[in-house]
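Those protein sequences? They're chains S and L, same order as listed.
Residue 101 in the numbering used here sits at position 101 of the first sequence, and the numbers go up by one each step.
Counting from 1 along the second sequence, just add 1000 to a position and that's the residue number in the numbering used here.
Just to be clear, a hint being listed does not mean it is correct.
As the list claims (entries may be wrong) - No more than 27 Å apart at the CA atoms, straight line, and that leaves these computed lysine-lysine pairs for DSS-like:
id: 1; chain 1: L; residue 1: K1057; chain 2: L; residue 2: K1037
id: 2; chain 1: S; residue 1: K11; chain 2: L; residue 2: K1041
id: 3; chain 1: L; residue 1: K1041; chain 2: L; residue 2: K1067
id: 4; chain 1: S; residue 1: K57; chain 2: L; residue 2: K1041
id: 5; chain 1: L; residue 1: K1041; chain 2: L; residue 2: K1057
id: 6; chain 1: L; residue 1: K1067; chain 2: L; residue 2: K1040
id: 7; chain 1: L; residue 1: K1067; chain 2: S; residue 2: K11
id: 8; chain 1: L; residue 1: K1067; chain 2: L; residue 2: K1057
id: 9; chain 1: L; residue 1: K1041; chain 2: S; residue 2: K14
id: 10; chain 1: L; residue 1: K1056; chain 2: L; residue 2: K1037
id: 11; chain 1: L; residue 1: K1067; chain 2: L; residue 2: K1037
id: 12; chain 1: S; residue 1: K14; chain 2: S; residue 2: K57
id: 13; chain 1: L; residue 1: K1040; chain 2: S; residue 2: K14
id: 14; chain 1: L; residue 1: K1057; chain 2: S; residue 2: K11
id: 15; chain 1: L; residue 1: K1040; chain 2: L; residue 2: K1056
id: 16; chain 1: L; residue 1: K1037; chain 2: S; residue 2: K57
id: 17; chain 1: L; residue 1: K1003; chain 2: L; residue 2: K1041
id: 18; chain 1: L; residue 1: K1057; chain 2: L; residue 2: K1040
id: 19; chain 1: L; residue 1: K1056; chain 2: L; residue 2: K1067
id: 20; chain 1: S; residue 1: K57; chain 2: L; residue 2: K1057
id: 21; chain 1: L; residue 1: K1056; chain 2: L; residue 2: K1041
id: 22; chain 1: L; residue 1: K1068; chain 2: L; residue 2: K1056
id: 23; chain 1: S; residue 1: K14; chain 2: S; residue 2: K71
id: 24; chain 1: L; residue 1: K1057; chain 2: L; residue 2: K1003
Everything labelled a hint here was simulated from the structure, so no lab data went into it.
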Amino acid sequence: DTGVSQDPRHKITKRGQNVTFRCDPISEHNRLYWYRQTLGQGPEFLTYFQNEAQLEKSRLLSDRFSAERPKGSFSTLEIQRTEQGDSAMYLCASSRDGGGSDEAFFGQGTRLTVV
Amino acid sequence: EDKVVQSPLSLVVHEGDTVTLNCSYEVTNFRSLLWYKQEKKAPTFLFMLTSSGIEKKSGRLSSILDKKELFSILNITATQTGDSAVYLCGAKRGGATNKLIFGTGTLLAVQP
């Protein structure tokens, strides 16, 4: 495992459809983050998992968004009833707990386009 | 409210120039500051800074943190066209969250 893996890389969907993205973190990393990035902006925090526990959700994460990390390994982010404003790059990052070296490494992202 | 501000927003230089990118932050329970380079895809990690005054260096890139004045700089010497990218600064909160709060980034364009 050489890095954080996200799938799919690109997704085009019609407004109102549901979409699900997957993130596979670096294998020994117990922390997992989801971010959203729109053009010309830095990544915005969405949610954070430590192992399987979802410890924080941003106010940006409306009730149409849900994230899971059922076994503390891979994570999924689902968006229900997509809207055009959901179009963005969805980035996943992972890091290791403790040891003072907890830099986060990002995946390649899933670019969502809602038409 | 936590915030990270980067300046300049964009910068155009010629190969061989030296550039300095700025990042100021106001973050509750600040833990560390991270710099990333983003070309068309995912941000790639450059530096993590936790202590004031200690320069981190990697090749032509270097960075330093001032926790008293709440800012960091990223220096790139002898710039090359391959340095063209968006440079993101993120401040990490400590505690249970450990989330990174990012600035909008500095878009650097290095012309031949």
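Violating hint indices (sorted, rising)
3, 6, 7, 14, 20 and 23
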